[in-house]
Amino acid sequence: MLEIKDLHVKVGEKPILKGINIQVQPGEIHAIMGPNGSGKSTLGNIISGRGGYEITDGTIYFEGKDIHEDLPEQRARNGIFLAFQYPVEIPGVTNIYMLKAALNAKRRAQGLDEIDAMDFITLVKDKLKALKMDESLLYRDINSGFSGGEKKRNEILQMAILEPKLAILDETDSGLDIDALRTVSDGINALRSPKRAMILVTHYQRLLDYIKPDFVHVLSKGKIIKSGDHSLALELEKSGYEWINDETTQSS
Amino acid sequence: MIELASSYIDHYKSFSNEREETKLPWLNNLRQDALLQLQKVGLPNSHLEDWKYTDLSILHNHEFSLPCHTEEPDLSNIELLNEDFYHIVFVNGKLHHIPDEINSSFTIKPLNQCYSSIKNLISPITQPSIRAINTLFMDQGVVIDIKEGTILEKPIHLVYLTTENQIMSHLRNVILSGKNSQCQIIENHIAQNNHAYFSTVITDIHSAENSLTALFKVTRESENSYHVSQNNVIQAANSQFDYHSFDLSGKLIRHDINSELNGAGANCNLYGLFALDGKQHVDTHSRVAHNHSHTYSNEIFKGIADGRSKGIFNGKVIVKQDAQQINAAQQSKNILLSNRAEIDTKPELEIYADDVKCSHGATVGNLNEDSLFYLQSRGVDLTAAKNMLIHGFAKEIVNTIDLEILRKNINAHVVEKLNLTGRRAS
Ligand SMILES: Nc1ncnc2c1ncn2[C@@H]1O[C@H](COP(=O)(O)OP(=O)(O)OP(=O)(O)O)[C@@H](O)[C@H]1O
Ligand SMILES: [Mg+2]
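Going down the list, the sequences are from chains A and B.
Residue numbering for the first sequence follows the working numbering, beginning at 1 and increasing consecutively.
Residue numbering for the second sequence follows the working numbering, beginning at 1 and increasing consecutively.
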């Protein structure tokens, strides 16, 4: 579904990603862990098509197609979703307005009619309830004045409505209290399907207790320095990133 | 003597010949003062600090004349005229329609029929401003007198329609908001063609104790027009004045809003939005004078400039000595949609007291990249994303209108003006 080969990315003169290789198949859950500043969010941004970066080498294929020239909105409509580490506050635009515009943009791209207003409300309220979100958040401006936890839930709400094929969740767990973590995890798990893949960027094993990944990758200084299964996350929790660094330096 | 203003002075001679005002020497004197100032300094120009960005001396070269006769105008397409409001219609600067005698709780009368009753309210010409030329040609306009305790159940709607080319009009209105009274006044400035014309409109408002006056001003003049307005508000204790201004078209627009807060509890809320493109030029100067303790002001002005347009906001707040417990807030937020557009915004504070809460902020920026990417990453295309952000930005001001019919009407115009087409969005 997603195939990244030897991806090199620069911002200005600064290399940030230095040869990323990753393959994600439908149904899989990949966790990406790694120290602050290692390039995790950059990777998510690049996959979603954010401007301001220079791809100096490598390829990104989504569903067998080279997407490096696709606009962010095209990628979104084709099924890529990014839950932001820091969801943006947009005063003056209500949550529900954006949700509807986003869903209809996707439906139009698929050749479908715009969603019926009543069906839309029913759909949104359903998802809202599952995420234990207050209905009033729908009519507030996007993320404006939302608490940290409300913002993260709002990202998952958008995901639930847009039903992407590939979801990249960038630290969706950080800043959540214990109950919220469970609710959000349930929300994410509810979307798990053999056709849908997810990339979870996280610093904590805790999330991975709820959503068990098939693969865990460690990103450090713009490179994936180790990949493994769920047990790698447990190891990291215990020993930190230092032991991998030691291990990699020793083996090289 | 400024030779360039001479065409206006010639027009004045024929204007005054037609008038029989010898019965009103005070008015003649006033006009003489105005004439002197016009001869001395001409129209306000960039030599004056307050007119730094907006130089009306360019109008010295225009041959605008007073309209002589006017054909029966077509009012069928004028918006809001079907609403259940009190309508006053000016066509080419001449009073065309005024509501019939309504009742005794408030009156609307042509200005030139009640000079003597407002004699003391017409202030003399001091500083150079458009007051000179407006006073010189003062004749048309209305006096709205809202008697003590009257709460107007319907808004008063003033339509200023221009249909003729190369004309000038100088209107003067006086609004008397009596004690404990409440009213809403809408000013709609519109044109039917792309004519060139020059209009000045001065509306002086006298807010008595505990009165509430809301003024909504929509400027949708022709693309070749010059529109200069002045609102002077004298506010007694506990009076409230709300000002909502929307500038959507016109070649050059200049507004001056002056509020004198003269009694405890007096407060004013000033809101403005301009949306410019092409080579439009809009300049708003607000001046709020806190002359008394316990007075409050709140200002939010927003601007959006595209093309090669230019927007200016200058907000002056004056707190007099010994005026304590003052609260004055001012915000000016602006978005540039093109790198050839320009916005100048400046707060000016003159504070001579110490127990004063005064906040101000001014920003000029582009559309936020993070917000655009956020929306795009949800599948919204770039043009739609830009439109969402721009409308969202404007909404704060549109939503200050609590009169629903009007809010919808203005919102439709704002949305229409701001919608980026594929060409402009790129
Ligand atoms: N636009 C930019 N300009 C300059 N440097 C940038 C830019 N974007 C990212 N970087 C740098 O690239 C590096 C990787 O950033 P990124 O946000 O991808 O890290 P991260 O792994 O997500 O970190 P964290 O765990 O703290 O979220 C950082 O050093 C960051 O400062
Ligand atoms: Mg990050």
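Careful: at least some of the hints might be erroneous.
[As the list claims (entries may be wrong)] Residues of chain B placed beyond 12 Å of chain A at every Cβ, according to the derived structure:
(1) V41
(2) Y115
(3) A264
(4) V380
[To be verified] Below are the DSSO-like pairs computed for lysine-lysine, each with C-alpha atoms no more than 27 Å apart in a straight line:
(5) A:K100 / B:K94
(6) A:K10 / A:K238
(7) B:K395 / A:K125
Hints are computed from structural coordinates only; laboratory data are not their basis.
Built from N, CA and C at the ideal position, the CB exists for glycine as well.
Hint check:
no.: 1; hint: V41; result: 43 Å, holds
no.: 2; hint: Y115; result: 47 Å, holds
no.: 3; hint: A264; result: 34 Å, holds
no.: 4; hint: V380; result: 5 Å, violated
no.: 5; hint: A:K100 / B:K94; result: 49 Å, violated
no.: 6; hint: A:K10 / A:K238; result: 33 Å, violated
no.: 7; hint: B:K395 / A:K125; result: 26 Å, holds
Hints 4, 5, 6, counting from the list given before, are not met by this structure.
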